[in-house]
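K.L.:
Here is what each chain is made of, one letter per residue.
2 protein chains.
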Amino acid sequence: MDSSEFRRRGKEMVDYIADYLEGIEGRPVYPDVEPGYLRPLIPTAAPQEPEAYEDIIKDIEKIIMPGVTHWHSPYFFAYFPTASSYPAMLADMLCGAIGCIGFTWAASPACTELETVMMDWLGKMLQLPEAFLAGRAGEGGGVIQGSASEATLVALLAARTKAIRQLQAASPGLTQAAIMEKLVAYTSDQAHSSVERAGLIGGVKLKTIPSDGNFSMRASALQEALEQDKAAGLIPFFVSNLEGVWLHIDAAYAGSAFICPEFRYLLNGVEFADSFNFNPHKWLLVNFDCSAMWVKKRTDLTGAFKLDPVYLKHNHQDSGLITDYRHWQIPLGRRFRSLKMWFVFRMYGVKGLQAYIRKHVALSHEFESLVRQDPRFEICTEVILGLVCFRLKGSNQLNETLLQRINSTKKIHLVPCHLRDKFVLRFAVCSRTVESAHVQLAWEHIRELASSVLRAEKQ
Amino acid sequence: MDSSEFRRRGKEMVDYIADYLEGIEGRPVYPDVEPGYLRPLIPTAAPQEPEAYEDIIKDIEKIIMPGVTHWHSPYFFAYFPTASSYPAMLADMLCGAIGCIGFTWAASPACTELETVMMDWLGKMLQLPEAFLAGRAGEGGGVIQGSASEATLVALLAARTKAIRQLQAASPGLTQAAIMEKLVAYTSDQAHSSVERAGLIGGVKLKTIPSDGNFSMRASALQEALEQDKAAGLIPFFVSNLEGVWLHIDAAYAGSAFICPEFRYLLNGVEFADSFNFNPHKWLLVNFDCSAMWVKKRTDLTGAFKLDPVYLKHNHQDSGLITDYRHWQIPLGRRFRSLKMWFVFRMYGVKGLQAYIRKHVALSHEFESLVRQDPRFEICTEVILGLVCFRLKGSNQLNETLLQRINSTKKIHLVPCHLRDKFVLRFAVCSRTVESAHVQLAWEHIRELASSVLRAEKQ
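Here the protein sequences come in this chain order: A and B. FYI, in my numbering the residues of the first sequence are 36 to 494. FYI, in my numbering the residues of the second sequence are 36 to 494.
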């Protein structure tokens, strides 16, 4: 395919994408396929000779779309939102065309520098403490990670390295393994599974702290665990900055809301953190992947990973002015993802982004009030942002049945969670195009299925 | 921006991309900017109100392009190639529009299933042993990772978990830390820095095995190290399948060439490996990121990471038929990257991809023969694929000066490496559009600068 064919095919693809997103409401949100559906539909090996572009395009509707869960359908209320906006898609096209790999400053200075500045812009939108910003001479700064899981792992590894170095400096005879055996990280019993996984990868103990009646971790419960563990000879190193322990805050979903002054209070205390992360690729209209992570001391990260082979050295490296982002992350390669932030922030403006967040929060409260009007249902946690946890009053089995009916009917899509021993349905406001009418329809649909499930139970 | 504006702006972007790539030869391959160039050019904070799209687009040429290292210029001979093709860009546009997050099968069945089948297609193109393919009922299979660094880390973590479990099964009293203290991974002293980094992250010892005169690791040298370490009470667990030790093969760059029968011999012995990885995003025309990794036993990977929160559970999960790729990788989220493979394999056909590899290899041999005709230069390693390591006969200082002259003149771009104590220039055939004429021009340019550097030295 030469550039003149790309001009033609690219424009067709732009129209296909606009058609897809305009018409997404008409597609079943959840696919009607069984595991293994795709393999029999395509050849067992790559073709030897080139195929016609038209044949490939025809296969998209024939083979791919029937198996797609449509995350951007206004009837998708599962997991958390994943961002989608036209400005981000345009920026991603440009990112693919430039196609630079920004592992060092020299590998593409614009790629590195726009990222640093966009992370400062975003940090200011969130009113992050100055210490987290790179500015012209700060010790902190931001980096785009691929996912919050990676950010958590990177923070845990940096904290581990820091703890090992401090303890070895104090007692030079201690081996790394002897220290690692005693290191303990802490997280809430309500934390995302990625935290447990980071502990597993980092080879350290991870303890969960029981949460309170609002599913929040209390400082007193953490303090108690820290003291018990220290008395038992263990070394707390990750969670809270009490006594030099690293505090990482993961606000993967909620973080986007902190650009609205009325939700910023949820981030109070970030000034005590060593690292903070959230995902603009969830709720800030920047398409996946774009996970924003800040640290107060960038040398904590770079010190944990820095290896400098000669083929990645460059002239400006030791000037202190430049950033080599490869030292901030697990992979070496990285794309020009800050273009997406730049396009989105400028095309929406801060006010446009705030309005977007507020619209979703209003929709979740609308859903909440619908649920509260039906005495058969209960709301399970306070509704603060775009997520409503609700259930039928009654057994877990009843709620599992309801969820199965919802997802097999495929008009809307939800996923469950457990709150302690309760099986709970999650209604997450997700799509960029979701409106009150969709929420109303979704609720009517849930009510009808609930009536049917309850009738069946009584028989 | 609504969909009708996207139709217009998207088509303009397609033209901008085609113009950029058609005209890339006319841009300086390496940017003429100093660290910190970008910050003064843009505002210190995001705008409150939306900006006009035209203003953003104007800033691309004004602010971004002056700081871009043009990896797809035919005068870019640095690092290794990063793939760029129009079919991959079209597929990436589609991937962005579908915008699903394929962490589980249910989160988008097409995303998972196309990936499994594309990895089988690619495995067959490389003539990988059957054990690495998923097929309909295989124990192995492939996964797209973001980078070879991640693949190496994932393999090392899987090997670590396996070793710990085996040793604890034999001696239940052993703690994880006591085992990790003794675990040793091995790699060649010529290996990429990502291997050392994986050892660092995994918290295990990593030893380098001295390479031979051809910079290859010899089995005998490895055997010797293994025996010494075992005698010293350590536990070898990662490199070679000798005595149950995990062998991971990383062919990040070279792997693409193995689709040509004449280069397949370089992969002989892969049948003894537990895991194998290479980057189609380097040399197989699939834009970044797309790092292909296969394992013989997928349960080795999934067993190392598996955590199953209820919100990611789904009906088919325990059917044995489905794949949840989140258990195969570090991050949780993942894009629909197999679309790029599908488009590229079908638009080029295997023969088209082979022709592309062969063209690059021919160009590197052309450059090699030019170097050999000039008695002032020497070739430093055998030229097998698309990389030529060469230098001026003489001191390292002389060669460092030559490289500085090359990169400050900015007509072409190269990076160096060290081969033992020698400073060496690397000429990597990179761009999809590089032709003999570019290689000839590059060589003439290097010769002229060499003459000037040699004259200056004599004075």
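No lab work stands behind these hints: they were computed from the structure. Among the hints, a few may not be true.
Because identical chains cannot be distinguished in the list, a pair is counted as satisfied if it fits within a single copy or across any two copies.
[Unchecked claim] Pairs of lysine-lysine residues, derived as DSS-like cross-links and limited to a Cα-Cα distance of at most 25 Å, are as follows: (1) Lys446 / Lys97; (2) Lys446 / Lys428; (3) Lys332 / Lys394; (4) Lys93 / Lys386.
K.L.:
Give me the numbers of the hints this structure contradicts, sorted from smallest to largest.
P.N.:
3
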